[in-house]
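Novice: Those sequence lines, one after another, are chains F and H.
Counting along the first sequence from 1, when you hit position 389 you're at 389 in the numbering used here, and nothing is skipped either side.
Heads up, the numbering used here is the position in the second sequence plus 485, with the first residue counted as 1.
A couple of the hints might just be wrong.
[Said to hold, decoys possible] A short, non-exhaustive set of chain H residues, derived as facing chain F with CB atoms under 8 Å: (1) Ser521; (2) Glu561; (3) Glu610; (4) Lys612; (5) Ala613.
The set of hints was computed from the structure by calculation and includes no laboratory data.
Where is the CB? At the ideal position from N, CA and C, for every residue including glycine.
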Amino acid sequence: MSEEKVKLRMERIDDYRWRIPKEGGMRVDGIIYADEKMIESIKEDQSPQQVANVAHLPGIVSHSLAMPDIHWGYGFPIGGVAAFDIDEGVISPGGVGYDINCGVRLLRSGLKHDEVSDKMRNIVNTLFQNIPTGVGSKRKDIKLNEKEEKKVLKEGAAWAVSNGFGAKEDLEFIEAKGCLEGAEPEVITSRALERGRSQLGTLGSGNHFVEVGYVSEIYDKEVASVLGLEKDYITVVIHTGSRGLGYQVCDDFLKIMINAAREYGIELPDRQLCCAPIKSEQGKSYLSAMACAANFAFANRQIITHWVRETFEDVLGIGKNRLGLNIVYDVCHNIAKFETHNIDGVNKRLCVHRKGATRSFPPNHHDTPDPYKSVGQPVLVPGDMGRYSYVMVGTERSMTETFGSACHGAGRMMSRHAAKKSSKGRSILKELEDHGILVRATGYATLAEEISEAYKDVAEVVDIVHCAGIGKKIAQLRPLGVIKG
Amino acid sequence: MTEKGYEFINHTADLGILVYGKDLKELFANAACGLSDIITDVSRINEKITKEIKVEGIDLEQLMINWLSEFLYYYEVDSLIFKRYVIIYINNVEAEEGGKQSFFTLKAMVYGEKFDLERHIINTEIKAVTYHQIEVRRDNDHWRARIIFDL
Numbered sequence: 001m002s003e004e005k006v007k008l009r010m011e012r013i014d015d016y017r018w019r020i021p022k023e024g025g026m027r028v029d030g031i032i033y034a035d036e037k038m039i040e041s042i043k044e045d046q047s048p049q050q051v052a053n054v055a056h057l058p059g060i061v062s063h064s065l066a067m068p069d070i071h072w073g074y075g076f077p078i079g080g081v082a083a084f085d086i087d088e089g090v091i092s093p094g095g096v097g098y099d100i101n102c103g104v105r106l107l108r109s110g111l112k113h114d115e116v117s118d119k120m121r122n123i124v125n126t127l128f129q130n131i132p133t134g135v136g137s138k139r140k141d142i143k144l145n146e147k148e149e150k151k152v153l154k155e156g157a158a159w160a161v162s163n164g165f166g167a168k169e170d171l172e173f174i175e176a177k178g179c180l181e182g183a184e185p186e187v188i189t190s191r192a193l194e195r196g197r198s199q200l201g202t203l204g205s206g207n208h209f210v211e212v213g214y215v216s217e218i219y220d221k222e223v224a225s226v227l228g229l230e231k232d233y234i235t236v237v238i239h240t241g242s243r244g245l246g247y248q249v250c251d252d253f254l255k256i257m258i259n260a261a262r263e264y265g266i267e268l269p270d271r272q273l274c275c276a277p278i279k280s281e282q283g284k285s286y287l288s289a290m291a292c293a294a295n296f297a298f299a300n301r302q303i304i305t306h307w308v309r310e311t312f313e314d315v316l317g318i319g320k321n322r323l324g325l326n327i328v329y330d331v332c333h334n335i336a337k338f339e340t341h342n343i344d345g346v347n348k349r350l351c352v353h354r355k356g357a358t359r360s361f362p363p364n365h366h367d368t369p370d371p372y373k374s375v376g377q378p379v380l381v382p383g384d385m386g387r388y389s390y391v392m393v394g395t396e397r398s399m400t401e402t403f404g405s406a407c408h409g410a411g412r413m414m415s416r417h418a419a420k421k422s423s424k425g426r427s428i429l430k431e432l433e434d435h436g437i438l439v440r441a442t443g444y445a446t447l448a449e450e451i452s453e454a455y456k457d458v459a460e461v462v463d464i465v466h467c468a469g470i471g472k473k474i475a476q477l478r479p480l481g482v483i484k485g
Numbered sequence: 486m487t488e489k490g491y492e493f494i495n496h497t498a499d500l501g502i503l504v505y506g507k508d509l510k511e512l513f514a515n516a517a518c519g520l521s522d523i524i525t526d527v528s529r530i531n532e533k534i535t536k537e538i539k540v541e542g543i544d545l546e547q548l549m550i551n552w553l554s555e556f557l558y559y560y561e562v563d564s565l566i567f568k569r570y571v572i573i574y575i576n577n578v579e580a581e582e583g584g585k586q587s588f589f590t591l592k593a594m595v596y597g598e599k600f601d602l603e604r605h606i607i608n609t610e611i612k613a614v615t616y617h618q619i620e621v622r623r624d625n626d627h628w629r630a631r632i633i634f635d636l
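With the rest of the complex left out, here is chain H (with noise of 0.2 Å):
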């Protein structure tokens, strides 16, 4: 297991990463720090900036796409870019007797700073994260994970 938590694979248009975390939340902060780092250098990101994020999902995979595409959206719009993210929680909320179906939420916070041209480098823009392949699941005494980002 790698001391990062995480690292690239490659695919020939685009790239991935496996994730690997002690447990469900450091899985999802994991992977959020390898997003990161396929997008910027992130030792020149300073905190200046704290999100609270909350997204839902209808199963894990879902729930991991949704939350990456969080950091996809604030990057476009806002122009902000994460160093640091810490999950408060990832529940499983239980199906409706002959209503909705069960899935997933999380919160998290997250901290970092407005993208400024001058101090921090782009190193790849990400389109999209994709359904390719794409793994969420426990093995043994840790969790795993899989995304391909479409660049």
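Next comes chain F alone, as it looks inside the complex (with noise of 0.2 Å):
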């Protein structure tokens, strides 16, 4: 495939959103939600070309979406939203991205900051040691034969829940409560089922973490204590998705889905964009894969709250009801959703792909939690391992015009070769810790590649989100101490 660097027509809709007019084969056209500083840097990679691509996928519906921490990715850019419709609409593995359900998990804690500061490298070496971050490290406790997995793709948070990670209340602070229908594990490879197994309860590596932090900032004091969040209070946040498990799947799919492309007749303007219609056979196992492997990445962030939880008790010596760390909530940033939404004043049942995404449910929707019900959905955001991260919910607007939706986090702007260069010769972890924060991580070569300066201003990102009115800003928290693969 040749990669012509075709000039893109790109118009200003306003202050924070940008338009792709629809020309040659896109059905619709693209919005991309950026400022006048963001979309200079967006247009330097191939990104709006990517959501062009999207376009021309049969059943889109209204426009091909992206947030403003968009960047290049496999197919759809990272950062992208599409709804289809499900008669005669798609469904591509590639809108939803090689780990499927990653995500985050906030937890808030009954602990300010001032009585933990000095026990911070203390609880980060418990946690390096209590949570397994990747290839040959694994916990003694998880032992799975494939019947017991195959429960875990079925139920999701709840089958850790049944097995002790945790309580029956912590179901109800997850997205989708922890388990997405339709899982049938029969769909997933014996391949991906014993990288599953080697993998359950393991955090990964890359830009995945368990973060400590604390609440540093609140824009909205309302909000945020429906939130139960408070300045200076402890925070945890802990992002990873379905491992090996997920990847693999998401390959298997690829095969299937180039094969169903062709077969369908469908064009694509990028291999990677392959799909089926969502009523196809290769559709419907490919949407009960992607429920089984997001299951198993709601039950691994499940597993892993348990043992943030254990930590914190065992180190501080603290009982469970006055540490209280609890979900405020966990959702995907990478999935594909049914959900109704209004078009046009008729409501639709859409197939929404969000790929680096955030759902943003407003307050009064009847999946939002209902203790959050006068607010909206916490939207998770967060930033580089340095800086900060951000809490937000979901609004109206966002409803209308992104399907609810928002972004998911940083986005990258630097390869991982320049980051590199950048750090040579620079101690990172000796940066970090002259700025309060604490790391350990088992390669620490990647931490080179995870610099702040390789990823976009988080805060950036979370203004334009909170201007273009589809997320309201809450609340800020920053980093005391991080574990990483």
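Please dock the two separately framed chains into a single complex, following the hints provided.
Specialist: Dropping the structure here:
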């Protein structure tokens, strides 16, 4: 496939939105959420062309969207949102991503920053001991046979709770209550199952992490208080997904979908957009496999939550209730969901693909947890390792404009190689420590790749989302200690 | 042409390799070397274990993806890392009359050992071998490939 830099037309809609007008094989316009400064850097990579490519797919509804953390991805851009009519539309594994249900969970606590600051090193070291990060590291208390693993794939976070990891009360505070329907493990290949078995209860590496931090800023006191967030209180963020099982499912289905696209006569501007009609056999199989992988990830985050709680209890000698490490919310950022949206006055059932994007439902929405119905669904936006993260809530406008979606994180800007080069001669570990952030990692080489300069400034991403009205800024979190693979 | 048979190329979020080989067998072996080089410090691997690998693909690109994906699988599931790759054959199996379309098969012997936290260093973990800009082609008197990995 040739790599021509075709000049894409882009028009400013308003301060925070840019349109890529429909042309050629595009069925709808593209819309990128960005401000004037950010759109210039966005134009530097291939991602706007990817937004345009997604618009070619059959059954796409309204617009091919991208959030401000947009960057180049495989087929679909990262930060991409695309919704499809369930009768006319397609499902595409590339619109979900390799790491199915990579997502973020936020825990709040009853501990104040100054109560734990002198114990941070101990907390970080113990977290590192208790939470396996990658190859060769596994805990003996997770031993799965195939039969049990299939239960994990069907039940998700509920499986973890039934097996002693956390409590029933946790489930309400997870997107989809920690379990996607329609997960039939028969569609999962034995290779994917094997990879899953060896990795349930592990964090993974790259940009996956567990981060202890504190609430550094509150932007809306009333909403923050409903979410249980108060300035200076300790928080924990868990960022991980479906591990090798998810990657294998994506891999297995990319092959199936390349053939399916041909079978159904779907023209693809990029092979990685391969897809099948939602109602086809291949489409249904993928959706089932995706649900299995998503459930694996929900279970994974639930298990890790339990180990985080245990770590704090052990190190601080404080009981569960006083610790109050409760889930604020857990969101997916690589997923496809069946949702009802109002299109031109009609309620339509759509399949919404979010790849590097987060659901952002408003107050009073049926799927916004009861305790949050007055304020909206929490949207968790982690930044890079050395900076801040944000908590937002969903809005009515996001339902109208983006199928109830918002950004997911900072978005990479610099290649790993460039980041490594930029880090040469620097001790990233020491730099972070000097900023009061302790890090334990399995592979310190990845630290160089994860430096702040390699990422967009998440504050800018969040501000654009906030100003565009598709999310509301509620709180800022700052890191104190991080563990990574 | 580099001595190693491959070189790294950059992508914003990920990493790729450009691979060279005097023939298809050397190309595939060099690609696997490139992959190990990304994951770990290959000089620290001893050849204690031998494995026979057999993969298929509908075209050379898919064969390359399936070949390299084997190593991700063995790494994750069995904690194995490899250092040397001997390709025994790469064959094109003809299409059957009214049946299966043509495909490629590969058989290799690979040499390495189980990952040991004490001795081995992990540079980067690779999530997947992608289709992005994938290329396996003949170029005059040698072969070239380009593969991008999702990290």
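Novice: A separate judgement is required for each hint: does it hold in the structure or not?
Specialist: Structure-based check of all given hints:
A least Cβ separation of about 13 Å between Ser521 of chain H and chain F goes past the 8 Å threshold, and the interface hint is therefore violated. Annotation: Glu561 of chain H was flagged as interfacial toward chain F, and the flag holds, the nearest CB pair being 5 Å apart, inside 8 Å. Taking 8 Å as the C-beta cut-off, the interface hint given for Glu610 of chain H holds, the closest approach to chain F being about 4 Å. A distance limit of 8 Å between C-beta atoms decides the matter here; for Lys612 of chain H the minimum to chain F is near 5 Å, and the interface restraint holds.
With a least beta-carbon distance of about 5 Å to chain F, the hint placing Ala613 of chain H at the interface is held under the 8 Å criterion.
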